[in-house]
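S.K.: Sequence:
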Amino acid sequence: MQVWPGERYPLGATYDGLGTNFAIFSEVAEKIELCLFDEWDVGTERRIELREVDAYVWHAYLPGLEPGQRYGYRVHGPYDPANGLRCNPHKLLIDPYAKAIDSDVRWDPAVYGYTHGDPERMNTTDSASFMPKSVVVNPYFDWGNDAPPRIPYHHSVIYEAHVRGLTMRLPGIPDELRGTYAGIASPPMIEHLTRLGVTAIELMPVHQFVDDHRLADLGLRNYWGYNTIGFFAPHHAYSALGHLGQQVQEFRGMVKALHAAGIEVILDVVYNHTAEGNHLGPTLSFKGVDNPSYYRLSESDRRHYVDYTGTGNSLNVRNPHSLQLIMDSLRYWVTEMHVDGFRFDLAATLAREFYEVDRLSTFFEVVQQDPVVGRVKLIAEPWDVGPGGYQVGNFPPQWTEWNGKYRDTVRDFWRGEPATLAEFASRISGSADLYQDDGRRPFHSINFVTCHDGFTLTDLVSYNDKHNEANGEENRDGESHNRSWNCGVEGDTDDLGVLALRARQRRNFLATLLLSQGVPMIVHGDELGRTQRGNNNAYCQDSELTWVDWDNVDHELLEFTRRLVTFRRQHQVFRRRRFFTGLPVRGRGVDEPLPDLAWYTPHGREMTGEDWGNDFGRSVALFVNGDGIRERGQYGQRHHDASFWLCFNAHDAPLDFTLPPAEFGQRWALVISTAEPDQDKGTTVEAGGALCVPDRSLVLLKRVV
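Take any residue in the sequence shown, note its place counting from 1, add 62, and you have its number in the numbering used here.
Possibly wrong hints are sitting among the right ones.
[As the list claims (entries may be wrong)] Restraint-style ranges between C-beta atoms, simulated for each label pair:
| no. | residue 1 | residue 2 | range |
| --- | --- | --- | --- |
| 1 | Pro210 | Pro655 | 36 to 44 Å |
| 2 | Pro655 | Gln498 | 21 to 29 Å |
| 3 | Glu536 | Asp432 | 44 to 52 Å |
| 4 | Ser191 | Ile110 | 16 to 24 Å |
| 5 | Arg257 | Tyr202 | 32 to 40 Å |
| 6 | Pro249 | Lys93 | 47 to 55 Å |
| 7 | Thr643 | Leu280 | 50 to 58 Å |
| 8 | Asp500 | Glu101 | 49 to 57 Å |
| 9 | Ser362 | Arg113 | 34 to 42 Å |
| 10 | Pro171 | Gly501 | 47 to 55 Å |
| 11 | Asp420 | Ile110 | 38 to 46 Å |
| 12 | Asp757 | Asp420 | 42 to 50 Å |
| 13 | Gln431 | Gly750 | 55 to 63 Å |
| 14 | His702 | Asp500 | 24 to 32 Å |
Keep in mind that the hints were calculated from the coordinates and are not lab data. Small disclaimer: the values here were computed from a predicted structure and weren't measured. Note that beta-carbon positions come from the ideal geometry of N, C-alpha and C, so glycine has one too.
Use the sequences and the hints to build the structure in full.
M.R.: Right, dumping it as structure tokens:
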């Protein structure tokens, strides 16, 4: 086989129509071998030494080598764990820049770089037969007229979903498409998403990931996928078409189909750690390529890894080559795979230059100036498990954030926790206390009540304790019995009153979420009544426990959710681009200007400072002034909206709410009642009149005169 010098960039395997260029970075290597494997004869391995080295990048060009070729690397160099060096040529390594990976790790002592029982001693057993292989991919794809939907944040409704769990039981598609990218792109799935009204699907990790050895021994899987080994490769197991690069084309086809339906694709990405774990973890890729460049090592003992993630290691974003890997990966997914944004798992880890979370760290500076990554949606999970890791409200202005304070406060309010009213008011009106001071807007708050991590919505209102026995840890894992997370309504499941109250609480959460300022995020299946039977940490459950049960859909809940999403889309006052001021604005059809927002007691008196602190604060009324919309359309036209009166009653008894005086409006019409969702919407109440709001319910009225 001919071998030409090739180029040091781009890194990875790059097919140009005539051959393939291979390039890999390693500052510690003394020799690197490219290993080629036939498609069917897994025992055949051809080794080619990479003799060209520029700026620590080892490279070669192989003319005639085409897509579908399986390959890996062997890195020769020092094995000296005490100094953080773990080169071991007996271990076949996945290309850190592999754009496709063909299979899973087969767990065996051979995939570990050290000898069992002696971490200081090199393991010389060859690992090739147990390792997945990197694959050369075809870079060409007919995107046609595909274009990013570019939906503004304040128009967005995000749907967090799992490729496999969402489609494994989806009716109307062939069995072979279930659990795949093609399943997400199928007409039944796209019809559901469009009828629901969501504007973006946020996919849980689709970067190639590894099933942990411990889970494999227990007969379980890393279902969620937060265990990445390939930052450029779509996970092979989600492909219906094949694993030798077909997964790349299938993923692109999914994106193209979703874009055609007006739906954005956001990826949940895990750049904070990899699947290689701590000093006792396997040697699969980065650890054997250049351990000290890719990982944060302990300054006191370089055998060990700094762990801000709870997974054994943390990626070394202080190193320019590690930072380059992240940025090259992000750009690849935008430019070559056409995704529309990213949600960064444990994003605080990426901000750690030294030990403290640094808001102006190199990573954020690089993202800020990047002409590709800096223009897509960037969503932070603004915490990690390290010291000072909870950083809600502290990310740079370009970033939106999962608002964990929104989740906790809304849960506390609806479960009747005292002294939550003031923070509840702040959260549903856009969390100005978190975002206003640094140039951000209400839509920088990604609001959610449930996410993949924790109870489903149905389980949240049905269980007071977790039931994670199936995870094999004697129910010790997952969030414990905790007041901020506990909204269960205890009682006999055959008790119609208990069932009705649970259903009402689900509607309360959904209505609050979709009537709040900020960007709402719904978790797949919550709109259908999905249950995990009380398991609040189902990360290892790839089974009917976690798959959406499309045969047992709560159609009433689904229709209620659709109505809410449609209502939000129709009324800009619930998706403002600017924060409320509380100041009067000139309206239409009123003699005196009214505030853009005002809070009232159930008795119709405007809230005072003392009222916010009173323990009665489990009920409140909110006036939202549609005339306070000061937005302008694309062509300068001024928008106006209706005005609304919202009544929140988290008490366990009905309350009479007094409506505002005539200057706010002569008559108000019922739009939404979470207690009686099918109630006649022709119900109207006169100015100053009383409206009985049932216990634990929300009522929304619209000014009609």
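S.K.: The structure should be examined with respect to each hint, and the outcome stated for every one.
M.R.: These are the hints, each one checked on the structure:
1. Pro210 x Pro655: 36 to 44 Å: Given range 36 to 44 Å: holds, Cβ gap about 40 Å.
2. Pro655 x Gln498: 21 to 29 Å: Holds, at about 23 Å.
3. Glu536 x Asp432: 44 to 52 Å: holds, 46 Å
4. Ser191 x Ile110: 16 to 24 Å: Once the Cβ atoms are compared, 20 Å apart, the range 16 to 24 Å for Ile110 and Ser191 holds.
5. Arg257 x Tyr202: 32 to 40 Å: holds, 34 Å
6. Pro249 x Lys93: 47 to 55 Å: holds, 52 Å
7. Thr643 x Leu280: 50 to 58 Å: Since Thr643 and Leu280 have Cβ atoms about 55 Å apart, the given range 50 to 58 Å holds.
8. Asp500 x Glu101: 49 to 57 Å: holds, 53 Å
9. Ser362 x Arg113: 34 to 42 Å: The hint (34 to 42 Å, Cβ to Cβ) holds, given that Ser362 and Arg113 are roughly 38 Å apart.
10. Pro171 x Gly501: 47 to 55 Å: Roughly 54 Å apart at Cβ, these two residues keep to the hinted range, so it holds.
11. Asp420 x Ile110: 38 to 46 Å: holds, 42 Å
12. Asp757 x Asp420: 42 to 50 Å: holds, 48 Å
13. Gln431 x Gly750: 55 to 63 Å: holds, 57 Å
14. His702 x Asp500: 24 to 32 Å: With Cβ atoms ~30 Å apart, the hint holds.
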